[in-house]
Each structure stands twice: as C-alpha cells, then as structure tokens.
Amino acid sequence: MSYFLVVISFLVALLASFNVNRTYKKYGQIMSRRGYTADQIARMILDQNGLYNVAIERISGNLTDHFDPNANVVRLSDSVYGKSSVAAIGVAAHECGHAVQYAEQYSPMKIRSAIIPITNIGSSLAYPLVILGIILGGFRPLITIGIWLFIAVVVFQLVTLPVEFNASGRALKTLEQSGYLDEDELGQSKKVLISAALTYVAALFTAVAQLIRLVAISNRRN
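Per the numbering used here, the very first residue in the sequence shown carries number 1; after that it's consecutive.
Please note: incorrect hints may appear among the correct ones.
[Claimed, not checked] No farther apart than 25 angstroms at their CA atoms in a straight line, the calculated lysine-lysine pairs in the DSS-like style are these: (1) Lys191 to Lys26; (2) Lys26 to Lys190; (3) Lys191 to Lys173; (4) Lys191 to Lys25; (5) Lys173 to Lys110; (6) Lys190 to Lys173; (7) Lys26 to Lys173; (8) Lys25 to Lys190; (9) Lys25 to Lys173.
No wet-lab data here; the hints were simulated from the structure.
Whenever a hint applies, use it, and build me the whole structure from the sequences.
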C-alpha cells in the first residue's frame with residue numbers, strides 16, 4: 001500500500017506540473033489591456049508597499065521565478081520578465097507577495113525559513129539513514145533519526161501551503177485594487193496562480209506518501 005501511495009503521488013505531481021505549464025502557456029498568450037510588463041508591475045507593487053530596496057532581476061529558465069530574501073531580490077524568469085501577458089503579470093505579483101510577507105514577518109514564512117536548513121538535510125539523508133539502520137541489524141536510533149528528519153520535510157511542505165496561497169491572495173487583491181488588470185483578466189491570472197498552487201499541494205502529498213513508505217520499511221524490518 002505504501003509503495004502504491006508513492007506511485008500515485010508521483011503521478012499526481014506529474015499531472016500538477018503538466019497542468020501549470022499548460023495553463024501558463026494558454027494565458028501567456030493573452031496580453032493585458034494596460035500594456036504593462038510583468039517587471040514594471042512588480043516594481044510598482046513593491047514601491048506601493050515601501051519596498052524600494054527590493055531589486056528586480058531577470059533569471060534564465062521557464063517559471064523559475066522566486067523571491068530571494070537573503071539578496072532582497074525578486075527574480076523573474078525569461079518567460080515572465082518583460083512580458084505583458086496576464087499570466088506573467090500574475091506570477092510577478094505573486095513573487096512580490098512573498099517580498100511583502102517577508103517584510104511584514106508573516107509567521108508561516110518565518111517558520112518555513114527557519115526549518116529550511118534541517119529540511120535540506122532531511123531530504124538528502126533521511127532514506128540513507130533508515131536503510132543504513134536496517135543494514136546494521138535494525139539499529140533503531142539511526143532509523144528514528146532518519147524518520148524525524150523526513151518529518152521535517154513534510155512540515156516544510158505543509159507550512160509552504162499557507163505561504164503560497166497567501167502570496168497569491170495578496171497578488172490578486174493588489175492587481176484588482178490598483179486596476180492593473182480588468183475583471184476578466186484577473187480571473188485568467190487567478191487560474192494561473194491556482195494551477196501553480198496545486199503543485200505545492202502535490203508536493204505535500206508526495207512528501208506524506210514518502211514518509212509513510214519510510215515508516216513502512218522500518219516497521220516491516222522490525
């Protein structure tokens with residue numbers, strides 16, 4: 001059953017990834033009536049929130065957009081930067097939402113940032129530690145450490161959900177109140193952000209399935 005869950009979660013993640021790319025491609029062809037580019041709107045949103053010190057940079061790739069709190073930079077991908085589509089504008093506004101979250105010390109954002117180091121360790125060492133513990137004759141301390149490290153990964157994915165949904169909510173509210181997009185354009189941009197948010201839901205499902213699999217391996221060995 002645990003193996004079946006892992007396979008299903010992989011398919012769900014694959015479907016979510018396909019959906020976000022398909023949705024972005026669809027609405028990436030619809031240009032906003034105002035004619036603003038995504039980076040221009042990002043600059044205006046940041047300035048509206050007093051974040052004049054947050055820079056905007058172009059980064060290579062497709063939908064590799066992110067906010068880097070360490071460098072204080074909103075990075076927009078080639079598929080977003082300089083584009084006037086409702087899809088690009090929605091993505092840029094979303095990343096600005098993360099910058100505002102960081103400036104306001106939004107609690108889930110703080111929690112996620114705090115557990116990133118242990119999450120990085122857990123994602124790479126959890127399975128090896130459990131397997132090594134089993135090879136060593138069921139050495140429980142090692143197995144337990146591995147499982148707890150992966151629990152941190154699940155917690156990270158769980159905390160990521162409110163961070164991402166809140167950033168999208170902020171983005172859509174700003175785009176509407178500031179009049180950057182018309183009502184129908186706002187709905188199209190919302191579809192792009194929802195499809196992106198579903199990839200994080202899929203990531204959580206995948207992490208939970210892997211944790212169940214990890215525990216099952218440990219219990220079966222016992």
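*For the pair we were handed, Lys190 and Lys173, check the Cα-Cα distance against 25 angstroms.*
This hinted pair holds, its Cα atoms lying about 10 angstroms apart.
*For the pair supplied as a hint, Lys25 and Lys190, is the alpha-carbon distance within the 25 angstroms limit?*
Between Lys25 and Lys190 the Cα gap is close to 14 angstroms, so the pair holds against 25 angstroms.
*Given the hinted pair Lys26 and Lys173, is their alpha-carbon gap at most 25 angstroms?*
Within the cut-off at roughly 22 angstroms; holds.
*Are the Cα positions of Lys191 and Lys26 separated by 25 angstroms at most?*
10 angstroms, holds
_Satisfaction of hint between Lys110 and Lys173, Cα-Cα up to 25 angstroms_ = 22 angstroms, holds
*asked:* With the threshold set at 25 angstroms, check whether the alpha-carbon distance from Lys26 to Lys190 stays at or below it.
replied: Holds: Lys26 and Lys190 sit about 13 angstroms apart, inside 25 angstroms.
*Does Lys191 pair with Lys25 here, judged by a C-alpha cut-off of 25 angstroms?*
12 angstroms, holds
*Does Lys173 lie within 25 angstroms of Lys25 when you go C-alpha to C-alpha?*
Between Lys25 and Lys173 the Cα gap is close to 23 angstroms, so the pair holds against 25 angstroms.
*Is Lys191 within 25 angstroms of Lys173, Cα to Cα?*
14 angstroms, holds
Violated hints: none; the structure is consistent with every hint.
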